[in-house]
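Participant: Below, each chain spelled out in residue letters.
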Amino acid sequence: MLSSWRNMTTQERQAAKTGYLALSPWMIGFVIFYAFPILATVYFSMTQWTLVDPPVWVGLDNYARMFTRDPLFVSSLKATTLFVALSLPLKLVLGLMLALLLNLKVPGMNFFRTVFFIPAVISGVAVSLMWIWFLNPDTGVVNTLLHYIGVQGPYWFWDRDWALPSVAIMSIWKVGGAAIIYLAGLQNIPAHLYEAAEIDGAGKWRRFWRITLPLLTPTLFFQLIIELIDAFKIFTEAFVITKGGPLKATYFFLYYFYEEAFRNFNMGYASALALFLLAVIMGCTVFVYRTSDRWVYYEN
Amino acid sequence: MKTDARHFGIQRQLRRSAAQKRARRVIGHALVYALMTALALLFMLPIFWMASTSLKLPREIFAWPPEWIPSTPQWGNYAEAFGKYPLARYMLNSAILVVANVIGGLISVPIIAYGFARFDFPFKHVLFLLMLSTMMVPGHIKLIPMFWLYQKLELIGTYWPLILPAYFGNPFFVFLMTQFIRTIPRELDDAARIDGAGAWGILYRIIIPLCRPALTVVVVFTFVWVWNDFLEPIIFLRDWDSYPISVGLAFFQGRYSVEWHLFMGATLVSIIPILVVYFFAQKHLIGGLASIGIKG
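First to last, the protein sequences are chains Y and S.
If you read the first sequence in the numbering used here, its first letter stands for residue 45, the second for the next number, and so on.
If you read the second sequence in the numbering used here, its first letter stands for residue 598, the second for the next number, and so on.
Calculated from the structure, these hints are not laboratory results.
A few of these clues could be false.
Which stretches of chain Y does chain S cover? Using the computed rule of at least three CB atoms under 8 Å from a CB of chain S, they are [unchecked claim]:
(1) 69 to 80
(2) 269 to 277
(3) 318 to 328
Computed list of lysine-lysine pairs in BS3-like fashion (alpha-carbon distance at most 25 Å, straight line) [stated by the list, open to error]:
(4) K248/Y <-> K721/S
(5) K277/Y <-> K122/Y
(6) K721/S <-> K149/Y
(7) K287/Y <-> K277/Y
Glycine is no exception: its CB is placed at the ideal position from the N, C-alpha and C atoms.
Please work from the sequences and hints to get the whole structure.
Facilitator: What follows is the structure, given as structure tokens:
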């Protein structure tokens with residue numbers, strides 16, 4: 045690279061200098077907000093540290109505790125995995141179905157697009173508060189409607205078995221966010237492909253499987269990664285609605301991390317937890333990425 | 598004669614099938630509307646219920662069977678909510694954070710993206726990939742080290758931890774803006790250069806004015822994210838007075854859990870700024886996002 049620098053003309057060097065200058069805020073930010081925290085977390089994860097006293101080196105003890113004798117680690121990981129397994133596929137499939145509907149060439153569709161996207165822009169806290177009230181076992185809308193058809197509604201967030209599915213339902217309410225991204229993908233599919241397929245006598249169903257779905261796989265891939273990362277980071281809902289309960293049913297991983305770090309001030313152990321979640325997210329992303337050449341279709 | 602008759606028959610058939618097609622389309626549209634309306638009503642039900650509750654009398658909120666629309670809407674509930682909770686204060690705090698973050702994004706993002714989009718230099722590709730990969734790093738990993746650092750700098754309890762990162766270019770926005778600038782013809786840069794504009798003159802006179810859709814995405818997304826952010830404020834802020842609306846709301850709930858009529862009013866008020874921004878910007882938003890072109 046240095047030799048290429050020597051071979052550059054004065055003008056090219058000038059341009060390169062301007063380029064580096066333009067990038068400098070990001071490079072400084074990268075060091076402060078990415079490189080430093082990640083390296084520091086690796087170090088802190090091998091210490092015992094309460095913020096007040098200086099960190100004490102303990103080697104891999106935190107990891108040993110995490111993997112061998114921490115029931116909360118296991119249960120929070122279980123709850124988070126269950127949440128991801130419940131909400132992610134539903135969100136991906138329902139998001140696609142909604143996007144297909146919103147993509148129909150019918151006048152006034154913009155209105156519906158606006159409506160379905162609203163839940164995706166409201167904050168986790170406001171949504172949580174709204175849903176506490178919406179799913180109120182006694183006077184909430186859902187149980188009232190269930191009562192009218194003669195069904196005794198569950199206790200939702202206040203029931204050990206229903207709390208986690210309730211949080212998943214709430215996250216699926218935000219499916220419009222996924223639908224909008226799909227919609228952008230759908231609108232990038234060239235119309236002449238459908239015309240050609242129609243001339244060849246391909247029916248709607250066949251056109252969906254042979255054109256829409258393959259050409260949408262890059263969008264699907266993007267969504268899968270984004271939603272996966274997002275689902276693992278579930279926190280606010282548990283913090284506001286259930287406080288991790290009942291009986292730790294919604295004690296998600298990031299909530300455990302938060303309590304260890306900022307309630308109990310076990311910064312060393314919390315760092316190990318944070319790093320573990322980063323590894324899981326990275327691992328899943330790499331896995332999805334690795335398998336992507338088998339199912340993601342690229343035009344070029 | 599024979600061909601004429603056949604011709605006529607085909608025409609009639611065509612006309613009939615056109616009418617059939619039109620009828621089928623009308624029925625199709627009606628079905629689509631019916632389905633979409635039903636779905637939309639279902640989706641809006643939680644928001645409707647919140648609005649309805651916010652206008653009820655205290656004794657009505659736990660009444661059975663519940664009233665869908667209160668017989669006499671209690672608009673005074675909103676005044677009471679504003680009087681009882683420091684809602685205005687919290688929303689002002691959120692607004693300050695939003696403005697500070699938006700300014701940071703508008704300053705830093707175009708400069709960095711301009712560097713990636715318009716200049717060639719060693720390691721550019723590697724740096725771009727590095728930036729993209731930071732988009733995958735979840736924010737929670739930063740919390741402990743940054744808390745430690747901000748504590749050393751005595752910034753815990755101030756807004757700096759919630760504002761500073763915006764001034765160093767959010768990678769998602771830089772990516773979006775870089776892609777956008779690449780679509781602007783380089784001939785425009787060259788023309789300005791001939792007129793004597795330097796590299797920064799081109800950025801401010803040519804590039805930024807043409808980037809309005811991408812800048813809209815930056816503004817709106819920053820607004821939504823900062824307004825909704827919860828985890829960072831609860832960690833980096835200390836005083837009740839400095840809380841943004843998201844944290845404020847969550848803490849009311851713990852304190853006044855029975856006043857659901859006031860509480861739903863407060864929640865509704867808290868989402869109104871988001872809805873307003875969203876309604877004004879949604880057209881640009883979908884266009885600006887589509888320009889990322891999620892491809893390989």
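Participant: Checked against the structure, which of the hints given earlier come out wrong?
Facilitator: Numbers 4, 6 - these are the hints that the structure violates, sorted from lowest upward.
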